[in-house]
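Asks: Please take these sequences and the hints and turn them into a complete structure.
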Amino acid sequence: MKQWKVIFQSAPIIIFLCLLSGGSCNRTVDAASDDAPAWLRQAASIPIQGYDKKVNAVVLVDDGTLKVEEDGRVTKGHRGAVRILTREGRAEARTRVIYQTDTEKVRDLKAWLIRPSGEVKKYGKEQIADISLADDDVYNESRVSVIIADNDAEPGAVFGVEWTTEDRSVFTQYPWYFQSDNPVVQSRFVVTLPVGWRAEAVTFNHPKIEPVVSGSTYTWELKDLPPVEEEPSGPRAGSLAASIAVSYFPAPNARSAAGRSFENWGDVSRWLTELSEPQAVLDDALATKAQSLSPRDAPELDRITAIGRYVQGVHYIAIQTGIGRGGGYRPHLSSEVFSKSYGDCKDKANLMKAMLKALKIPSYLVTIYSGDPTSVREEWPSPQQFNHCIIAVKVSDDTRAATIVNHPKLGRLLIFDPTDEDTPVGDLPDHEQGSLALIVAGDNGALMRMPVTPPESNRLERQSEVSLASTGAITGKIHEHTLGQAAVTARRELKHRPRADYVKIVERWITRGVNGASVTKVEPTDNSDGTFDLNVEFSGAAYAQLMRDRLMIFKPAVVARRDALFLTEKTRKHPVILDSQAYSETVRIKLPPGFDVDELPDATKLTAAFGAYSAACEVKEGFLIFKREMTIKSATVPVDQYAAVRSFFEKIRAAEQAPVVLARK
1 MKQWKVIFQS APIIIFLCLL SGGSCNRTVD AASDDAPAWL RQAASIPIQG
51 YDKKVNAVVL VDDGTLKVEE DGRVTKGHRG AVRILTREGR AEARTRVIYQ
101 TDTEKVRDLK AWLIRPSGEV KKYGKEQIAD ISLADDDVYN ESRVSVIIAD
151 NDAEPGAVFG VEWTTEDRSV FTQYPWYFQS DNPVVQSRFV VTLPVGWRAE
201 AVTFNHPKIE PVVSGSTYTW ELKDLPPVEE EPSGPRAGSL AASIAVSYFP
251 APNARSAAGR SFENWGDVSR WLTELSEPQA VLDDALATKA QSLSPRDAPE
301 LDRITAIGRY VQGVHYIAIQ TGIGRGGGYR PHLSSEVFSK SYGDCKDKAN
351 LMKAMLKALK IPSYLVTIYS GDPTSVREEW PSPQQFNHCI IAVKVSDDTR
401 AATIVNHPKL GRLLIFDPTD EDTPVGDLPD HEQGSLALIV AGDNGALMRM
451 PVTPPESNRL ERQSEVSLAS TGAITGKIHE HTLGQAAVTA RRELKHRPRA
501 DYVKIVERWI TRGVNGASVT KVEPTDNSDG TFDLNVEFSG AAYAQLMRDR
551 LMIFKPAVVA RRDALFLTEK TRKHPVILDS QAYSETVRIK LPPGFDVDEL
601 PDATKLTAAF GAYSAACEVK EGFLIFKREM TIKSATVPVD QYAAVRSFFE
651 KIRAAEQAPV VLARK
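Per our numbering, numbering of the sequence shown is gapless, rising by one per residue and ending at 665.
Just so you know, the hints here were simulated from the structure itself, not pulled from any lab data. Ideal placement from N, C-alpha and C gives every residue a C-beta, glycine not left out. A hint or two may mislead.
Pairs of lysine to aspartate or glutamate residues, derived as DMTMM-like cross-links and limited to a Cα-Cα distance of at most 25 angstroms, are as follows [to be verified]:
#1 Lys477 <-> Glu378
#2 Lys289 <-> Asp529
#3 Lys504 <-> Glu599
#4 Lys633 <-> Glu618
#5 Lys477 <-> Asp501
#6 Lys394 <-> Glu421
#7 Lys477 <-> Glu537
#8 Lys54 <-> Asp302
#9 Lys223 <-> Glu263
#10 Lys620 <-> Glu650
#11 Lys495 <-> Glu569
#12 Lys54 <-> Glu210
#13 Lys651 <-> Glu231
#14 Lys53 <-> Glu126
#15 Lys394 <-> Glu300
#16 Lys357 <-> Asp398
#17 Lys504 <-> Glu461
#18 Lys208 <-> Glu166
#19 Lys357 <-> Asp372
#20 Lys110 <-> Asp150
#21 Lys590 <-> Glu569
#22 Lys409 <-> Glu378
#23 Lys555 <-> Glu537
#24 Lys665 <-> Glu650
#25 Lys651 <-> Asp533
#26 Lys477 <-> Asp533
#27 Lys360 <-> Asp443
#28 Lys360 <-> Asp302
Derived Cβ-Cβ restraints for the label pairs, each shown as a range [claimed, not checked]:
#29 Asn527 <-> Arg499: 36 to 46 angstroms
#30 Phe566 <-> Ala251: 53 to 63 angstroms
#31 Met547 <-> Lys620: 16 to 26 angstroms
#32 Thr586 <-> Tyr51: 44 to 54 angstroms
#33 Lys620 <-> Lys477: 14 to 24 angstroms
#34 Ala609 <-> Gly215: 47 to 57 angstroms
#35 His479 <-> Lys620: 41 to 51 angstroms
#36 Asp397 <-> Arg296: 16 to 26 angstroms
#37 Tyr51 <-> Arg548: 46 to 56 angstroms
#38 Glu465 <-> Tyr51: 51 to 61 angstroms
#39 Arg497 <-> Met547: 35 to 45 angstroms
#40 Ala251 <-> Ser647: 52 to 62 angstroms
Replies: Printed below as a string of structure tokens:
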């Protein structure tokens, strides 16, 4: 249930969190039989019928409660029940409660499994695994209590869970997701406040959900919801699910220990600035290092790039303390991060801010959601929408880069992610491009759309020299030159795996086009200017097909584009999201002696609002020359235009499968 985001249980933290792996905790439970509570028995009696065979489980009940006291204490509760329909659905027989040890405690956690026979198993303290949420952090106050009953579950069983936590964090905002990746029969969120307090909610991906208000208790409820299903090149599930974001506010002039409330994005910027600004400490050692990396007479972009490269080299290691009191948003002192040479994303961004300060270059932290450019919503001013921190560097009019945005008060800002070691200054990871992000600059802070680099900045250029023998055998050389995010993809393939595994990736790519090919050379070059080159040599004994010893048939598109998009479904529920990219290839094929060209594919030329494609063949001086070129703009294509975008890519696929026919002289 609701696997795409950490929801309700705990405020999001500006770190990369590892998803919990069930494998380390999964075990059969031998707890004594115990009766299920009345609410779970009632949920288990709900009739289930009419679901598609691919539905693995159905959420019967998903109820959350939030009770706020005037002293700032918050009690959160949850009751959930899911009926398992298939063997694959057994994975739903698990629960996890995330909490912060500095402000929060789990008061109660228990679960039950009602078998199809009616037998009940109860899971209590003996079956709870309590572990750190992020194993790779040096220290982290985020923990998770887990109950996993996969091995006990079977189709027809109902798994139920109930938990309660007590929290004294600074946060006064909570999201609630009604929908799941499974159908939901009923989902409810209840907020109880002190007398005179008020709650407000923003609704996402659904008509406005009005609460039922009784005194100071607010109840939001939805029933009979379909599952949220992701589609290729579509929005993430968390950006599609019906949800609300609840904020609560003390009564006017009330003396309360409740945390900070945010009426607008300016409030969020000021709060984050208060947390982060004192941490950008510039001591002598740090200033000396910054100045040594970046000569004063160097161009501005070169100076920023030098600092960026240094900070990218700082090890990503997180030490998370004071999470519930806002520590997840407060970087460590820049001088401390510099001396120890490790930190998390906000530490690295803050270190870069301090080093740029030594060069008299202003900069600002930027909070962003990393992983889904559609995630952040302008209607809900909250730091909890973000999970990552990058930087915006003020630049002069002379500096040119594809990742510069114009802020109405701060001027031209170069956006950069110093945590992503593969993306150089002047570029931005594609999963952050186009996102709404908050420039943290006190009163001048603002929510801004992040830059989207144009297709020509994310380009792959390929040159292929190929020779065909009269037997149909092939030998070839390929040279690829990539830049922008295309280069980042190639760089990651090389840097983050053993050399042997990288070679296997290249071999699989070649053999998809040339069956049984032998790859004799794989020579990657990661260039200092951020581009990437790859040289490959290969041979294959039977690329072209001989027909009755008279005709030879082969595809001039010898190897495939590795980022090809396949939209195979005839209908679609959600928009198609296209990333900015460009591609060009020239293939020169030396024709075998004794053969003439008998038939060439028709030239293809496609144009659409979101891109263009062309492919054509010609024969010249004993060579078949095949050229193809594609440009795709960053775009979100609505569902009512799906047929057009599907047809566009189908025609590309057909053009690249079209054969050449040679005839023996």
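Asks: Mind listing which of the numbered hints don't hold for this structure, in increasing order?
Replies: 1, 3, 4, 8, 9, 10, 11, 12, 14, 18, 19, 21, 24, 25, 29 and 35
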